[in-house]
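Given the structure of chain B, go ahead and fit chain E onto it with the hints provided.
Chains as they are written, first to last, in our numbering: chain B, 1 to 113; chain E, 1 to 109.
Just so you know, these hints were derived from the structure itself, not from any lab.
Be a bit skeptical, because a hint or two may be false.
Quick list of in silico lysine-lysine cross-link-like pairs, DSSO-like style, CA-CA up to 27 Å [to be verified]:
1. K15/B <-> K83/B
2. K56/E <-> K69/E
3. K69/E <-> K44/B
4. K44/B <-> K83/B
5. K71/B <-> K44/B
6. K62/B <-> K15/B
7. K56/E <-> K44/B
8. K11/B <-> K62/B
9. K26/E <-> K44/B
10. K44/B <-> K78/B
11. K44/B <-> K70/E
12. K15/B <-> K44/B
Ranges between beta-carbon positions, derived for each pair [said to hold, decoys possible]:
13. P81/B <-> P109/E: 45 to 51 Å
14. E85/B <-> N30/E: 28 to 34 Å
15. K62/B <-> Q14/E: 44 to 50 Å
16. V44/E <-> L84/B: 27 to 33 Å
17. N22/E <-> A30/B: 30 to 36 Å
18. Q80/B <-> N22/E: 38 to 44 Å
19. L113/B <-> T77/E: 41 to 47 Å
Where chain B lies over chain E, by a calculated footprint (3+ residues, C-beta under 8 Å) [stated by the list, open to error]:
20. 44-58
21. 94-106
Note that CB positions come from ideal geometry on N, CA and C, so glycine has one too.
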Amino acid sequence: EAGVAQSPRYKIIEKRQSVAFWCNPISGHATLYWYQQILGQGPKLLIQFQNNGVVDDSQLPKDRFSAERLKGVDSTLKIQPAKLEDSAVYLCASSFTEYNEQFFGPGTRLTVL
Amino acid sequence: SQQGEEDPQALSIQEGENATMNCSYKTSINNLQWYRQNSGRGLVHLILIRSNEREKHSGRLRVTLDTSKKSSSLLITASRAADTASYFCATGRNSRLTFGEGTQLTVNP
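Excised from the complex, chain E in its bound form:
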């Protein structure tokens, strides 16, 4: 069963704006990962945050994790047209990764 649920399902913004995507999950996890998938292509790993971490940065990406609320958020700052893609959160538990349904982000030039 899919554990992670992303919100919103779709997001459309203008270039230069920030994009925030949220992920909620149901059971305890070892880590939470975010992946990006461009149309018709494989997934690319963006960032991994462990259950004992609260925030992590990588370039224009900022991920937070609140294990008490079983939720995570991905913030993309100063978005670019090239950021247009589907973004998936995946929860890691007992070495298995379970993906959510994804958020489709469209960045308009």
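Isolated chain B (complex conformation):
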């Protein structure tokens, strides 16, 4: 089966610019996650969707980050405006339900200059 797809794979922007990431989960997976992984650290959950509803966004910096999952399939994560500390790999994952193993995409490596 096809895995989780993410694009772009790499992005370099200047601080205060905006950026958007796209994720297409595995077909049939109801739960979708966005994680932020800073170099040398483990992934940190930013937001979790169940179908097209938000389950957990407690760790999402809502003043600059936003995410949506229209129609309960694809999802986009946006940062506006970006800060230097947002430099990280942004990982998207999906699972059949919130209690199953998660399948991760390859990630988007963001560099903010």
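Leaving out everything else, chain E in the frame of chain B:
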């Protein structure tokens, strides 16, 4: 906040040896999962152990869970150079997965 803490932070062994990584956590959990991440790539799920299980095997992997000590261990037997990667434990609680900082395993040929 990060709940799982892996130990050691880095481990270097020779091919054919066994590798053991430990994970400790602070609060009650529903399950504990181990993931592998090769350099610059996404995470791959290795094994899930539920809170009412004590041991689980998958190929060359053996995971134990001691809920009384709030700890888990991952054993990789007969390691190969291809096992070189970062290994993360992740604790599942109320449908949220919280990752530790990882153990960097290097298997030398």
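Flag every earlier hint the structure violates by its number, smallest first. none
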